[in-house]
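Input sequences plus hints: build the corresponding full structure.
Here the protein sequences come in this chain order: V and F. 1 is the number of the first residue of the first sequence in this note's numbering; add one for each residue after it. 1 is the number of the first residue of the second sequence in this note's numbering; add one for each residue after it.
None of these hints come from the bench; they were simulated from the model. Glycine is no exception: its CB is placed at the ideal position from the N, C-alpha and C atoms. None of the hints are false.
Using C-beta positions, here's what the derived DEER-type ranges look like:
(1) V:Lys10 - F:Lys9: 35 to 43 Å
(2) V:Leu45 - F:Phe223: 44 to 52 Å
(3) V:Leu245 - F:Ile120: 26 to 34 Å
(4) V:Ser254 - F:Arg185: 54 to 62 Å
(5) F:Phe112 - V:Lys225: 41 to 49 Å
(6) V:Phe243 - F:Phe4: 29 to 37 Å
(7) V:Leu245 - F:Val35: 40 to 48 Å
(8) F:Leu116 - V:Gly218: 38 to 46 Å
(9) F:Lys9 - V:Gly144: 16 to 24 Å
(10) F:Thr103 - V:Lys225: 41 to 49 Å
(11) V:Glu208 - F:Val35: 26 to 34 Å
(12) V:Ala165 - F:Ile7: 33 to 41 Å
(13) V:Gly218 - F:Ala188: 20 to 28 Å
(14) F:Ile153 - V:Leu245: 31 to 39 Å
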Amino acid sequence: MHERLSFYIKRDSPLHRLNPLTKLTLIFGLILPAFLVPFYWTPHLLLIVVVFPLAFLGRVQREYFAASARLILPVAGFLFVMQALFIPGGETVLAKAWFLTLTKESLMFAFANAMRIMVMVSSFTLFMLTTHPSELMSDLTQRGLPGQFAYVIIATLQIIPQMQAKANTIIAAQRSRGLDTESSFARRIRALVPLVGPLVFGSLVEVEERAIAIEARGFTSSRPKTSLREIVDRPLDKGLRWFLLFVMLAALLSRIWFS
Amino acid sequence: MKLFDSIKKDFNTMTWVLIPVAIAINVVMGQIVVVLRLPVYLDSIGTMLVAALCGPWAGALTGTLSNIIWGLAIDPNAFPWWPVAFFIGLVTGICANAGLFKTIWKVVISGFLVALTAAIVSTPIAVYLYGGITASGSSFITAYLLQTGRGVIEAVFSTNFLVEPIDKISTALLAFAIIQGLSMRFVARFPRPQNIEIQEGGGRTQLWIALVVVVVLILIAAFVLVRILAPSG
Chain V
1 MHERLSFYIK RDSPLHRLNP LTKLTLIFGL ILPAFLVPFY WTPHLLLIVV
51 VFPLAFLGRV QREYFAASAR LILPVAGFLF VMQALFIPGG ETVLAKAWFL
101 TLTKESLMFA FANAMRIMVM VSSFTLFMLT THPSELMSDL TQRGLPGQFA
151 YVIIATLQII PQMQAKANTI IAAQRSRGLD TESSFARRIR ALVPLVGPLV
201 FGSLVEVEER AIAIEARGFT SSRPKTSLRE IVDRPLDKGL RWFLLFVMLA
251 ALLSRIWFS
Chain F
1 MKLFDSIKKD FNTMTWVLIP VAIAINVVMG QIVVVLRLPV YLDSIGTMLV
51 AALCGPWAGA LTGTLSNIIW GLAIDPNAFP WWPVAFFIGL VTGICANAGL
101 FKTIWKVVIS GFLVALTAAI VSTPIAVYLY GGITASGSSF ITAYLLQTGR
151 GVIEAVFSTN FLVEPIDKIS TALLAFAIIQ GLSMRFVARF PRPQNIEIQE
201 GGGRTQLWIA LVVVVVLILI AAFVLVRILA PSG
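Here you go:
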């Protein structure tokens, strides 16, 4: 059996116990203020005062910082350097070299922007570290999301690792027959056909069997379906969601008022 | 209600089962391309496949979920780009309904239209969310255009317009080649088999033609890039 593909870390923490929908609202309650509130310090403060403590509250700080170092920091760093150097504008020139000019304004703009991206990607990462995909899907189906959507997401998370394994097998098999996947550009392009063909056609053949199998299990039936797990929705969750909705609205209003 | 009914008809069980496989094809192809170190993404082959076989809305859904799952499972940086994937699926489906997925030259036109849409949709995301320069390698072109004194929106759009056609036309051709390799009996089980014409025994030849066109496109792009990035003077 293959592992299901996800970031999820199984722990017991206040963040894990929150309802998935609440955590989904939390993501947007962080992203919207970071992008909308027109004060320079907003994204920085959000990251330090809200996102980092949340990682500790969810007891996933080690995984969160590891993921940040691997996924978020390189992107944010790249953005920062590129934007600081290449976004035109600004009067206070700090440094000048060759055709590049570094101004105070572009530096500040680039830093705030990198921080916004950090907040955005961090909140998604935190969500995925503390929420199991099937928990999210069960909850959303109980709230009225059609079961087909839940099927698509969960099935995909299972199919991708299987397909990756299949792709690795095919690459290894074709290499052992002498397929060249490493030399010149033209050869690498030609290697695409013997790799893609078996992979794609093999996967498409299974589609029909799957369709028959799930149809036999009442996939298209419109009767209400029961769920194996009940997801709790506490009053705390409801309160938090209203609070976050208020925060998002306030962010939107501050944008309209101050600019 | 007529529109709603026609959308509903596009989502039969085969569609719902094809979508996860298509998303997996998107993801795994994206990774094979990285292994082979090719300068394209090719990460929407599955989306175009669904759009051609099951109509624009199924394609749009595949694209959107594809980005969500990419973000969920592999790289959270993929989330903000879901509208681009949505429109790639939608426009491919509309093209396919208009009969633009039947012969190889029409597929090139579809690919170009999709690329144009993708360039238009991704520009505001790049400008307003990322401030113009994004994390992809093509940002170096944007940065260069910014230095030559062009506006942010113009620079981002020109970059996208330069990069997208090669990727999207290649993707459309590969999706077409895959469809050519399927049997008519299999295609007939999907909601829109009339979008597709299969020439008997053409699968392999089509795939080769598609690849040759892809190589030529990449070479043209490389040439254009060198010309643009060369110091003017």
